[in-house]
Structure formats: C-alpha cells, structure tokens
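Number of protein chains: 2
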Amino acid sequence: MTENNRCVVLLSGGIDSAVAAAIARSQGFEIYALTVDYGQKHKFEIEAAKKIAKFLGAVKHRILQVPFGELAKSALTKSEIEVPKDRGELERVGDIPATYVPARNTIFLALAASWAESLDAGYIFVGFNVIDYSGYPDCRPEFVEAFEKVLAVGTKAGVDGKSIKIRAPLLMSKKSEIIKLGQNLGVDFSLTFSCYDPTPDGTPCGHCDSCLIRKRAFAEVGMDDPPLKK
Amino acid sequence: MTENNRCVVLLSGGIDSAVAAAIARSQGFEIYALTVDYGQKHKFEIEAAKKIAKFLGAVKHRILQVPFGELAKSALTKSEIEVPKDRGELERVGDIPATYVPARNTIFLALAASWAESLDAGYIFVGFNVIDYSGYPDCRPEFVEAFEKVLAVGTKAGVDGKSIKIRAPLLMSKKSEIIKLGQNLGVDFSLTFSCYDPTPDGTPCGHCDSCLIRKRAFAEVGMDDPPLKK
Numbered sequence: 043m044t045e046n047n048r049c050v051v052l053l054s055g056g057i058d059s060a061v062a063a064a065i066a067r068s069q070g071f072e073i074y075a076l077t078v079d080y081g082q083k084h085k086f087e088i089e090a091a092k093k094i095a096k097f098l099g100a101v102k103h104r105i106l107q108v109p110f111g112e113l114a115k116s117a118l119t120k121s122e123i124e125v126p127k128d129r130g131e132l133e134r135v136g137d138i139p140a141t142y143v144p145a146r147n148t149i150f151l152a153l154a155a156s157w158a159e160s161l162d163a164g165y166i167f168v169g170f171n172v173i174d175y176s177g178y179p180d181c182r183p184e185f186v187e188a189f190e191k192v193l194a195v196g197t198k199a200g201v202d203g204k205s206i207k208i209r210a211p212l213l214m215s216k217k218s219e220i221i222k223l224g225q226n227l228g229v230d231f232s233l234t235f236s237c238y239d240p241t242p243d244g245t246p247c248g249h250c251d252s253c254l255i256r257k258r259a260f261a262e263v264g265m266d267d268p269p270l271k272k
Numbered sequence: 043m044t045e046n047n048r049c050v051v052l053l054s055g056g057i058d059s060a061v062a063a064a065i066a067r068s069q070g071f072e073i074y075a076l077t078v079d080y081g082q083k084h085k086f087e088i089e090a091a092k093k094i095a096k097f098l099g100a101v102k103h104r105i106l107q108v109p110f111g112e113l114a115k116s117a118l119t120k121s122e123i124e125v126p127k128d129r130g131e132l133e134r135v136g137d138i139p140a141t142y143v144p145a146r147n148t149i150f151l152a153l154a155a156s157w158a159e160s161l162d163a164g165y166i167f168v169g170f171n172v173i174d175y176s177g178y179p180d181c182r183p184e185f186v187e188a189f190e191k192v193l194a195v196g197t198k199a200g201v202d203g204k205s206i207k208i209r210a211p212l213l214m215s216k217k218s219e220i221i222k223l224g225q226n227l228g229v230d231f232s233l234t235f236s237c238y239d240p241t242p243d244g245t246p247c248g249h250c251d252s253c254l255i256r257k258r259a260f261a262e263v264g265m266d267d268p269p270l271k272k
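These protein sequence lines map, in sequence, to chains Z and B.
FYI, the numbering for the first sequence is 43 to 272, going by my numbering.
FYI, the numbering for the second sequence is 43 to 272, going by my numbering.
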C-alpha cells in the first residue's frame with residue numbers, strides 16, 4: 043500500500059460525488075478533486091464542483107478540459123438530442139436513457155487513475171450508485187470491479203503490488219440515504235447541482251430524471267432542497 | 043454484432059499503430075482514426091499520425107486535446123524528468139522505465155470506446171505489443187482482456203449484447219515482424235515517427251528506447267529506415 047493518505051475524488055458537482063468526497067474526508071483522506079469539462083450541456087455543475095471542493099477542503103481541485111463530448115453521442119452532449127423530461131418511475135427502471143454518455147465513467151476513472159498513480163495515491167473515490175439512478179451501466183458494481191482489474195494489470199502501481207482501489211461507498215445506497223449521510227457529514231447541499239438541462243441562467247429544469255430523483259429523495263427524508271448558492 | 047464495418051483505430055504516429063491500421067483496412071474496415079494530444083514532448087508524432095491517417099484513407103481522423111499530461115508524471119510529459127538514453131537491451135527487460143505514462147492506454151482506450159459506441163462500431167484496433175517494447179504494463183494481453191471486460195459491463199453496447207472488441211493484432215509480434223507485415227501491406231514508414239525526445243526541429247534523437255528498438259528492427263529485416271517525410 044502507499045504510505046500517504048491521498049485520494050483522488052471524481053467530483054461532478056452533484057450530490058453523490060459531494061457525499062463520497064465528504065466520506066473520504068471523514069476517513070482521514072486528503073482530497074485531490076478531479077472534475078472533467080467534457081462539453082456537457084449542464085456546465086453549471088462545474089461551478090458547483092469548485093464550490094464543493096473548496097467547502098470540503100480539497101488539497102487540489104483540477105478541472106480538466108477533455109472535449110470527448112465531440113465524439114460521444116448523448117442527450118447531455120448533443121444539442122440535437124433532447125434530454126427526456128417527466129419520465130415516470132417505471133420508465134426509468136431497467137432502461138438506459140438518452141442521457142447515457144458512452145464510456146463516460148470509464149474515461150473519468152482512467153483520468154483519475156493517471157493522477158492517482160502520479161500522486162502515489164492508493165484510492166479513487168466516486169459517487170456512483172446503482173439505486174435511484176438513471177440506469178447507466180457504468181455505475182454498477184460489476185463495472186467498478188472490472189475497472190479495478192484494469193488498474194491491477196495495466197498500471198505500474200498494480201505491477202508493483204500497490205494497485206489503486208476504487209471506493210464507491212454509495213454504490214448500493216438509495217438517494218434518500220445518501221442525502222441523510224451527507225447531512226450527517228455536514229455537506230452543504232445548496233452547493234450541489236443536479237440538473238441535466240438547466241436554463242441559460244443556471245436554473246434547474248425540475249423535469250429531467252436527475253431533477254426528479256433529487257426532488258423525490260429530499261421529499262422522502264422530509265427535508266427542503268435548499269436553493270442553489272450562486 | 044453491429045451491422046457496419048467501422049472501427050476506431052488509436053493512431054499514435056508510430057510504426058505499430060500504423061501497421062495495425064493497415065491491417066484493419068486490409069480486413070475491410072472503415073477507419074475512424076483517433077490521436078490524443080496529451081501534452082507529450084514528442085508532438086511530432088501527431089503530425090505523423092495526420093499523414094498516416096490520410097495515407098491509409100481514414101474516413102475521419104480526430105485529434106483530441108486531452109491535457110492529462112498535466113496530471114501524469116512521466117519522462118514523456120514532464121520537462122524535469124529526462125528521457126533515458128542508450129539503455130542496453132538487458133536494462134530494457136522486465137523494467138518499467140521513466141517513459142511510462144500512468145494509465146495512458148487506459149485513457150486512450152476509454153476515449154476510443156466512447157467514439158466507437160457513438161459510431162456503433164464493433165471494434166477498436168490498437169498497435170500494442172508486448173515483445174520488443176518498453177516494458178509498459180498497459181501493452182500486455184491481460185490488460186487488453188481486462189479492458190474488454192470493462193466494455194462488456196460498462197457500456198450500453200455491452201449490455202445490449204454487442205460489446206466493443208479490442209483488436210491488438212501485433213500483441214505478440216516482434217518489431218521486425220511488424221515492419222515486415224507493414225511492408226507487405228504497403229505502409230510508408232517514412233510517414234511514421236517513433237522518437238520520444240526529438241530535437242526542436244523534429245529530428246529523432248537516435249538514443250531513446252523507441253529509437254533504439256526501431257533501429258535494431260530495421261537492421262534485423264535488412265531494410266533501411268527511410269528518412270522522415272516532413
């Protein structure tokens with residue numbers, strides 16, 4: 043194992059990654075936060091990520107411009123593909139929606155791994171979760187496990203017997219549980235941004251899957267979703 | 043399987059990926075070439091990749107600016123780390139040298155996968171090889187196999203039963219065999235660029251691992267290494 047307490051955290055600007063980062067901090071890790079600007083329509087999440095990184099005391103926060111949105115066909119990257127709105131809960135089960143971005147989390151983890159290996163950090167923290175999510179295949183336990191295997195055989199760290207591990211502490215949590223956990227860890231949710239399709243001034247649409255899941259989860263825990271701090 | 047004959051080829055500008063692309067073409071694939079500008083010292087390889095893509099009749103060639111060299115500690119990305127020179131053959135065996143770039147091929151394959159999935163392409167061609175190489179862990183068969191598993195479980199294509207496959211036709215070839223194969227396929231090696239540490243005007247150093255391996259391989263097949271077309 044490495045002898046430092048560094049970890050790389052993939053920080054999107056949303057609730058899940060903010061809570062994952064707070065968990066890393068609570069476990070004594072130093073946070074090296076990584077946010078990827080890939081050409082997403084919801085660029086406001088990057089501003090949110092900056093505030094969250096600062097709030098959580100990240101040692102560094104890198105925002106990497108990786109314009110793979112030019113290559114990736116998705117409702118989150120292409121203006122000609124609309125973000126689905128007001129989908130019922132049943133529609134969101136067992137379906138991969140148009141907001142899926144091909145290989146996005148594979149790219150994110152690969153970039154995080156490059157930084158982690160360069161920092162001699164032993165862990166990458168992510169906010170992936172498979173419950174109350176949008177049906178993306180790259181948020182599942184089998185994906186995380188397969189990617190860890192890539193790091194074990196495909197990096198110098200792995201060959202040297204100190205393979206980088208992925209910590210996905212929210213993988214099996216419901217969104218409402220994530221909110222409660224974050225609340226206990228002091229996460230300021232007014233810094234987080236979830237909407238896939240905000241108005242030009244950054245107001246959440248309230249109708250995309252991500253807005254709907256957020257709304258329902260706050261209702262479940264009986265909390266008000268605090269207005270976004272701009 | 044997909045119904046088109048598209049493939050994404052990771053094209054670095056060197057010999058191996060040029061020959062891998064020529065193999066794809068000879069098998070009837072349409073080439074979508076991807077080159078990553080990651081902040082490498084040897085930027086001349088990108089110019090070489092452009093010429094190779096054109097020479098091989100690529101349908102498209104995308105050069106993606108992905109500045110992960112800022113994060114990745116390597117002799118290929120950091121001016122303060124020198125590219126090793128004149129290492130003997132024995133020094134190059136079983137050792138991972140300073141020119142290893144953390145998680146580079148993982149990042150490259152992830153980006154290629156995003157494009158392949160968006161194109162509905164079934165294959166990614168790469169020039170990785172494990173013989174006569176620089177000892178990088180992310181050029182080995184076990185790495186390719188692990189990454190295919192990531193694509194099987196972490197992409198929509200995989201979930202839909204048309205998982206993207208990685209073709210690494212040179213994985214177990216000696217560099218001299220790769221050159222012979224390329225020659226038979228009509229590859230113009232004067233378009234390729236191998237040096238890790240060229241002079242500012244793009245002249246290969248002749249002393250880095252990559253130059254030494256290239257020089258020896260051309261000598262083995264009894265061919266002159268043609269001067270670089272600029």
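Hints in this document: simulated from the structure, not taken from any laboratory.
Glycine is no exception: its CB is placed at the ideal position from the N, C-alpha and C atoms.
Please note: incorrect hints may appear among the correct ones.
[Claimed, not checked] The calculated PhoX-like cross-link candidates involving lysine-lysine, where the alpha carbons are at most 20 Å apart (straight line), are:
no., chain 1, residue 1, chain 2, residue 2
1, B, 102, Z, 115
2, B, 102, Z, 207
3, B, 204, Z, 115
4, Z, 102, B, 115
[To be verified] With the C-beta cut set under 7 Å, the calculated list includes, among others, these residues of chain B facing chain Z:
no., residue
5, 159
6, 162
7, 189
8, 198
9, 214
[To be verified] Computed footprint of chain Z on chain B; a stretch qualifies when at least three of its residues, placed anywhere within it, have a C-beta under 8 Å from a C-beta of chain Z:
no., stretch
10, 63–70
11, 102–109
12, 260–267
Status of each hint after checking the structure:
Straight-line distance between C-alpha atoms of residue 102(B) and residue 115(Z) comes to about 16 Å, which keeps the hinted pair within the 20 Å bound. Simply put, residue 102(B) and residue 207(Z) have alpha-carbon atoms about 36 Å apart, too far for the 20 Å limit, and the pair is violated. A C-alpha spacing of about 17 Å is found between residue 204(B) and residue 115(Z), which places the hinted pair at or below 20 Å, so the restraint holds. With a C-alpha separation of about 16 Å, the suggested pair residue 102(Z) and residue 115(B) falls inside the 20 Å cut-off, and the hint holds.
Because the beta carbon of residue 159(B) sits about 4 Å from the nearest beta carbon in chain Z, less than 7 Å, this interface hint is met. Among the interface hints, the one on residue 162(B) is violated; its C-beta lies about 9 Å from the nearest C-beta in chain Z, farther than the 7 Å criterion. For residue 189(B), the suggested interface contact is upheld, since its CB lies about 6 Å from the closest CB of chain Z, less than 7 Å. Below 7 Å, beta-carbon pairs count as interface contacts, and residue 198(B) has one with chain Z at about 5 Å; its hint therefore holds.
Evaluation of the residue 214(B) hint against chain Z yields a violated restraint, the C-beta minimum of about 16 Å exceeding 7 Å. Evaluation of the coverage hint for the stretch 63–70 of chain B: breached, as 0 residues show C-beta separations to chain Z shorter than 8 Å, against a requirement of three. Three residues within the 8 Å Cβ limit are the bar, and the stretch 102–109 of chain B against chain Z gives 5, so the coverage statement holds. Counting residues of the stretch 260–267 of chain B whose CB lies closer than 8 Å to any CB of chain Z gives 0, so the stated coverage by that chain is violated, three being the minimum.
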